[in-house]
Amino acid sequence: MPVIEIQGLTKTYKSGLQALKRVDLTIEKGEIFALLGPNGAGKTTLISIVCGIVNATTGTVVADGHDIRKDFRAARTKIGLVPQELTTDAFETILATVTFSRGLFGKPGNPALIEQILKDLSLWDKRDSKIMTLSGGMKRRVMIAKALSHEPDILFLDEPTAGVDVELRRDMWAMVRKLRERGVTIILTTHYIEEAEEMADRVGVILKGELILVEEKTALMKKLGKKTLTLNLIEPLAALPAELSDWDLTLKADGGELEYSFDAQADDTGVPSLIRALERLNIGFKDLNTRQSSLEDIFVSLVHRDGEAA
Amino acid sequence: MNFNGHGVWAIYRFEMARALRTLWQSVVTPVITTALYFVVFGSAIGGRMQAVDGVAYGAFIVPGLIMLSLFTQSIFNASFGIYFPKFTGTIYEILSAPVSSLEVVLAYVGAAATKSAVLGLIILATAAFFVPLQVLHPVMMLAMLVLISVTFSLFGFIIGIWAGSFEQLNFIPMLIVTPLTFLGGSFYSIDMLPEGWRTVALFNPVVYLISGFRWTFYGAGDVAIGISVAATLGFFALCLAVVMWMFKTGYRLKA
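As given, the protein sequences belong to chains A and B, one line each in that order. Start counting the first sequence at 1; every next residue gets the next number (our numbering). Start counting the second sequence at 1001; every next residue gets the next number (our numbering).
What you were told as hints is all true, and nothing was included just to trick you.
In silico lysine-lysine, DSS-like type, Cα no more than 27 Å apart, as pairs:
#	chain 1	residue 1	chain 2	residue 2
1	A	286	A	227
2	B	1254	A	208
3	B	1086	B	1248
4	B	1086	A	139
5	A	217	A	21
6	A	107	A	29
7	B	1248	A	21
8	A	21	A	70
9	A	286	A	252
10	A	208	A	14
11	B	1086	B	1254
12	A	178	A	217
13	A	14	A	70
14	B	1086	A	14
15	A	107	B	1086
16	A	70	B	1086
17	A	139	A	107
18	A	130	A	107
19	A	130	B	1086
20	A	107	B	1248
21	A	70	B	1254
22	B	1254	A	14
23	B	1254	A	139
24	A	178	A	126
25	A	126	A	139
26	B	1248	A	70
27	B	1254	A	21
28	A	107	B	1254
29	A	21	A	208
30	A	14	B	1248
Partial list, computed: chain A residues near chain B (C-beta under 10 Å):
#	residue
31	75
32	86
33	89
For the record, the hints were derived by calculation from the structure and aren't laboratory data. These numbers were taken from a predicted model, which means no experiment stands behind them. Note that CB positions come from ideal geometry on N, CA and C, so glycine has one too.
With these hints in hand, go ahead and build the complete structure from the sequences.
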C-alpha cells in the first residue's frame, strides 16, 4: 500500500535554479527508502516539499491519502522531519522543546511518551539542560526526539548521520529498526552508502533533479553489481603480459596484486580461463578472494555514466 | 481537526516563556525608561509648563508615554519573535507543522500583544506613583490598549517576516515609528503647533491613536474619538490583510 505518492513534481527556485525536473515516486507503507545523490541533486528540496517547507512549482504529493496542500493538516500530522541542519532553540531545555513540538503538531500532552522517547535517545538525564550547552551529537538526538514527539507514521531523516559519532550512528540505526517494527515508514537521505546498503529496502538515486533509478536494493546490487577477483601474486609483475589482454585486469600494489573485475551474472565469468592462462604463463599466486561491489561502487558508476552522457 | 488549539497554545507558551526568561529586558527596562521620562518631562520640565487642556502636564503625557512603549514593545516583541526562528532556521518546524497561517499569526501576535498590554498596565501603575491620574473611560481605555497592542504586534510581525537582516529589523521602528510617535503628540497637544504644522501633523496616523487613547483618560483629544477608533481599526485591518497575503503566498517564508 503506497503511503506517499509523488506525481510530476517540479521545483524551480526564484534564482532560476531547476532543483527538481519532474519527479514521480511512490513509497510503500512500512518500508525504509534511501534517497542517494550527490550534493545539490535535489534530495533536500524533495523532502522539503513533502514536509511543507518549500512550495512545489508543479505536481502533487499525497501523504497517507491526504493531499499535502489541500489537506495539509491531516498530511502533516502524519509526518515527522529531522532536517539536515542542526537548528535548535539555543535557550530552551530539551524537555521544553520536545514538549513544544508535540503540542505544535496538535497532540495533547503525554509526559510518559516524551519520557520514553528521551530515554530511548539517552537524553533523559539531560532533560533540563539548555540546548546550547549540548554537543553536536546530542543536538542531533534532540532533533530526532522532536520529530518523534507527535508519533508520526512517516519519518524523514535528511542526512541523519552527517557528522555523527559511531555510537550515535549505531543507536540511530537501532531506533530506525524499532520504528520500522512499529510500522513507521522511513525515508532517509545519506552520503554514507553503506548505511543505505545495510538499512534500506529500496534505493532511489537522484541526480540533477531527476530520479534516475528506483529499485529494490538487493535487485539493484545483483543487477549492477560486479565482482572483483583479487590475486596476491608470489612474484610481482612489472607489466601485464600481452597474453592476458582478453581479461579486464589491473595491476595493484606495485605489481603484487592482480585485480579482475567481472560480471557475476554472466554465463562465462572468465574466471576459470584466467586461472588456466595464469598457470600456462607460470604466474603463481598465494591467495585469492572475490568481492561483491558495494552500493557505493554502483552509485559512483551511475553518477559517472550520467556525467559522460551529459 | 479544524483548529489546532494545542499548536497555538504551544507557540504562545513558547513566546511567553521567552519573555519570562528575559524578564529584566522585557519589563524592568521599559519601566525604568518610563520613570526617567517622568523625572525629566514630568517633574523637571513639566513644573515650568502650563496645564494642557486643563490637565497638568505631568499627567497629560501619561497616555502618550504608554503609547510610545506599546508601539515599540509590540513591534519589537512580534518582529523578533518571528524573525529569530527565521534567522536560526527553527522556522522549519513551524512550516512543517499542521498549523494554518491564521493560527501562527494568532499565537505569535497574541503573545506579543499580551506582553505589551501587560507592560502598558505596568507603566500606568508606575505613572500613578509620579502624577495624580484619572481615567474617565476605563473600559474604552482597556479596549484601546488591547486593540493597539494587537495592531502593532501585527505590524511588528509583518516587519519580522519582511526583514532579511537585524539591521532591517530595526530600520522601521527606529526610523519611522519612533519619529512619528514623537511628532504625533505623545508629549504635547497638536493644537500647540503653528497652524501649518498642525495640518501636516494630521497626516501622521499616530496622532489619531494617541489622541484616542488620551481621550479615554481625560475626555478630550486632538481629534474626535470616533475618528481615532476608525483610524485604529483601519490600521488593524490593513495589517491583518498584509499578514494574510504574506502567508498565502509564502512571502519570504517559503522558497
